[in-house]
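**Student:** For reference, the chains in residue letters:
There are 2 protein chains.
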Amino acid sequence: MISSKMKDLVANSSIIRAMFEEGKRLSDIYGEENVFDYSLGNPNALPPENIKIEINKILNEIAPKLVHGYMNNSGYEDVRGKIAEFLNKKHNIDISYNNIVMTCGAAGGLNILLKTLLNPEDEVIVFAPFFGEYRNYVNNFDGKLVVVSTDIDTFEPNMESLKEKINSKTKAIIINSPNNPTGVIYSEKVIQDLANLMNQKQDELGTSIYLISDEPYREIVYDNVVVPYILKYYTNSFIGYSYSKSLSLPGERIGYVVANTNMDCFDDIMISLNVANRILGFVNAPSLFQRVIANCLEAEVDVSIYQKNRDLLYNYLTKIGFVCVKPQGAFYLFIRTPIKDDKKFCEDAKEFKLLLVAGSAFECPGHARLSYCVDYKKIENSLPAFEKLAKSYNLK
Amino acid sequence: MISSKMKDLVANSSIIRAMFEEGKRLSDIYGEENVFDYSLGNPNALPPENIKIEINKILNEIAPKLVHGYMNNSGYEDVRGKIAEFLNKKHNIDISYNNIVMTCGAAGGLNILLKTLLNPEDEVIVFAPFFGEYRNYVNNFDGKLVVVSTDIDTFEPNMESLKEKINSKTKAIIINSPNNPTGVIYSEKVIQDLANLMNQKQDELGTSIYLISDEPYREIVYDNVVVPYILKYYTNSFIGYSYSKSLSLPGERIGYVVANTNMDCFDDIMISLNVANRILGFVNAPSLFQRVIANCLEAEVDVSIYQKNRDLLYNYLTKIGFVCVKPQGAFYLFIRTPIKDDKKFCEDAKEFKLLLVAGSAFECPGHARLSYCVDYKKIENSLPAFEKLAKSYNLK
Chain A
1 MISSKMKDLV
11 ANSSIIRAMF
21 EEGKRLSDIY
31 GEENVFDYSL
41 GNPNALPPEN
51 IKIEINKILN
61 EIAPKLVHGY
71 MNNSGYEDVR
81 GKIAEFLNKK
91 HNIDISYNNI
101 VMTCGAAGGL
111 NILLKTLLNP
121 EDEVIVFAPF
131 FGEYRNYVNN
141 FDGKLVVVST
151 DIDTFEPNME
161 SLKEKINSKT
171 KAIIINSPNN
181 PTGVIYSEKV
191 IQDLANLMNQ
201 KQDELGTSIY
211 LISDEPYREI
221 VYDNVVVPYI
231 LKYYTNSFIG
241 YSYSKSLSLP
251 GERIGYVVAN
261 TNMDCFDDIM
271 ISLNVANRIL
281 GFVNAPSLFQ
291 RVIANCLEAE
301 VDVSIYQKNR
311 DLLYNYLTKI
321 GFVCVKPQGA
331 FYLFIRTPIK
341 DDKKFCEDAK
351 EFKLLLVAGS
361 AFECPGHARL
371 SYCVDYKKIE
381 NSLPAFEKLA
391 KSYNLK
Chain B
1 MISSKMKDLV
11 ANSSIIRAMF
21 EEGKRLSDIY
31 GEENVFDYSL
41 GNPNALPPEN
51 IKIEINKILN
61 EIAPKLVHGY
71 MNNSGYEDVR
81 GKIAEFLNKK
91 HNIDISYNNI
101 VMTCGAAGGL
111 NILLKTLLNP
121 EDEVIVFAPF
131 FGEYRNYVNN
141 FDGKLVVVST
151 DIDTFEPNME
161 SLKEKINSKT
171 KAIIINSPNN
181 PTGVIYSEKV
191 IQDLANLMNQ
201 KQDELGTSIY
211 LISDEPYREI
221 VYDNVVVPYI
231 LKYYTNSFIG
241 YSYSKSLSLP
251 GERIGYVVAN
261 TNMDCFDDIM
271 ISLNVANRIL
281 GFVNAPSLFQ
291 RVIANCLEAE
301 VDVSIYQKNR
311 DLLYNYLTKI
321 GFVCVKPQGA
331 FYLFIRTPIK
341 DDKKFCEDAK
351 EFKLLLVAGS
361 AFECPGHARL
371 SYCVDYKKIE
381 NSLPAFEKLA
391 KSYNLK
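Heads up: the protein sequence lines correspond to chains A and B, in order.
In case it helps, my numbering puts the first sequence at residues 1 to 396.
In case it helps, my numbering puts the second sequence at residues 1 to 396.
Just so you know, these hints were derived from the structure itself, not from any lab.
Even glycine gets a Cβ: it sits at the ideal position worked out from N, Cα and C.
Partial selection, computed: residues in chain A whose CB lies under 7 Å from chain B: (1) S3; (2) H68; (3) A107.
Computed Cβ-Cβ distance ranges for the label pairs, DEER-style: (4) B:Q200 to A:S96: 52 to 60 Å; (5) B:E300 to A:D267: 40 to 48 Å; (6) B:E33 to A:E85: 30 to 38 Å; (7) A:C265 to B:E33: 37 to 45 Å.
Taking the hints into account, I'd like the entire structure generated from these sequences.
**Tutor:** Structure below.
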């Protein structure tokens with residue numbers, strides 16, 4: 001009775017639920033402390049203390065109608081103005097509130113962008129491995145997802161393959177750096193090459209090809225690696241930003257879309273994003289948290305927690321024979337599975353109470369993702385289990 | 001360059017914006033106190049004092065990860081459980097957390113419902129006048145909106161016309177009581193007649209026809225009129241609820257969908273609503289406010305403010321010759337325009353600094369909507385303007 005589009009998703013969701021319940025079952029049998037769940041991306045760094053302080057301040061100082069009331073579907077103008085000012089300073093750009101639409105997280109942002117851009121059958125390019133939801137978001141608007149491979153030694157886009165796959169139906173390319181699931185950050189050179197190729201193809205095809213940079217992990221970066229700011233490298237560019245990870249507020253659904261002023265059809269696109277926010281049912285990004293983040297633009301979570309986790313886990317896993325590109329950001333490790341069948345590998349890992357996600361979920365089989373946004377102690381305790389897993393495959 | 005589906009909406013949005021800017025322009029010229037804006041449905045009753053108290057309590061007593069973190073896409077189980085318990089007691093029903101999905105307001109709820117139910121070309125019936133967004137929501141999923149008229153002396157559904165319009169493509173009927181824009185509440189008899197007809201048609205056609213009751217105004221009710229609880233009258237029924245008006249929190253985007261346990265395909269539908277919440281980009285209803293409303297289930301805004309406004313405005317307008325069904329709920333009056341052309345009437349009203357919305361926006365021409373969620377004093381001050389407007393049409 002449910003719609004055809006939802007049928008497969010509901011079936012698939014039952015598989016995910018079964019996995020989740022398997023984790024619960026293991027915890028019930030062996031005790032929660034003996035099960036090592038690396039499957040979820042729920043940030044475990046605490047939100048900055050300011051969040052609570054600012055909530056109190058806002059509730060005490062601003063009239064309820066201006067905290068909990070309706071506003072422009074794009075969000076409070078003063079909030080958008082503060083973000084624009086912050087970004088101008090930080091990235092040496094020149095935007096205003098008019099370049100920004102407040103969104104229900106990056107997921108809401110990507111959906112209003114695709115609603116705005118896609119006609120049925122329009123193509124959207126992503127680089128595997130990629131966040132599985134991109135397929136669903138594109139499918140919401142009857143677009144066609146086109147997958148381009150990456151070099152599995154670096155997880156950088158394969159430019160030759162990209163060149164072949166861009167055609168007159170290509171409406172957008174989604175990138176995600178720092179990346180889920182690999183933790184890789186695209187260097188300035190990668191971005192420059194991508195921009196050059198896209199510009200060349202736009203000229204050749206006479207079309208607009210938009211670059212959408214999905215950046216929920218922008219602030220989760222190690223070793224002072226720089227994440228290039230896309231708006232400076234490519235004209236037809238958007239950034240979908242989220243405070244879910246940068247301020248550990250994933251449940252609050254707060255983020256924004258920022259658009260390059262010089263893009264094709266800027267005015268129509270900004271109005272369309274506003275209308276899409278309304279008609280897709282978001283209406284507006286949650287109002288109190290719009291005000292909260294505007295007062296916490298300089299705040300950050302303690303990224304060193306994640307870096308410590310990365311170091312421990314990356315060093316140990318590679319020492320015992322696993323192969324893995326060293327992540328420079330986000331909180332994921334994407335290891336190569338010692339057998340081709342990544343689903344079987346994850347089943348095997350479960351024998352040692354290790355819960356991982358198969359690379360197939362990111363359309364990159366032969367790999368598995370570990371989310372290391374867990375307690376350091378837990379990681380320490382899990383190391384013997386990884387060692388047993390490695391030995392069972394005769395690694396090293 | 002924007003998608004075809006968005007093109008008309010963007011054009012239309014410019015008209016709305018022009019109207020809005022016209023209001024601003026009038027305020028600039030004549031002073032804000034001399035412009036009477038009855039066009040917006042932004043609730044002006046204060047949120048209950050508990051909201052602030054509960055936010056503080058939650059932030060002080062519950063771990064941040066359980067306030068701001070990810071949870072099941074359907075929402076916190078304990079929050080859903082508390083709502084179920086509250087509804088069981090209030091309406092003498094028997095549901096659990098499993099019947100409820102927390103949503104980003106009623107708008108988010110309607111979108112996940114339609115995503116779940118609609119295949120392209122499936123039909124959704126609404127009764128004119130209706131909230132204009134229904135057309136957009138149905139269009140999001142390529143459904144077809146079918147409009148059934150109401151009796152303009154009562155604004156109750158025309159059952160004969162409904163009977164003719166239900167066919168094998170009919171997937172759902174949306175009702176909205178208390179109604180935007182008329183303020184009418186459907187009596188138990190209307191609901192019973194509707195349920196009987198729908199049951200008869202389901203038997204005849206061998207299909208499932210779902211009843212979706214959009215209830216953001218459920219608590220905004222006058223003179224102790226009872227709003228029948230749909231789940232008790234029809235098996236294939238959903239309610240889309242919102243705290244936007246009942247607690248004056250429209251910017252916070254918090255509400256829920258509740259489904260009748262005995263409906264066709266209940267299990268698949270509940271999973272699908274969960275998945276739709278995720279893939280449409282809502283992910284989950286804002287987390288802090290899930291907890292806030294769970295602690296404020298007995299709270300309410302001061303409805304007497306709206307009742308006072310209604311009484312003043314309804315009594316005065318009918319006294320000076322306007323024709324209008326007396327609203328029993330919500331905060332709208334839907335007057336019959338003395339000329340056929342409702343857009344022209346609204347233009348004329350603007351001459352007297354009265355901002356109204358033409359009935360055409362609700363697909364019921366020959367009427368105009370007044371939102372009376374404004375200050376009482378403002379209404380008093382606007383009465384001479386209404387009198388001049390009436391006189392200009394030689395009413396009474």
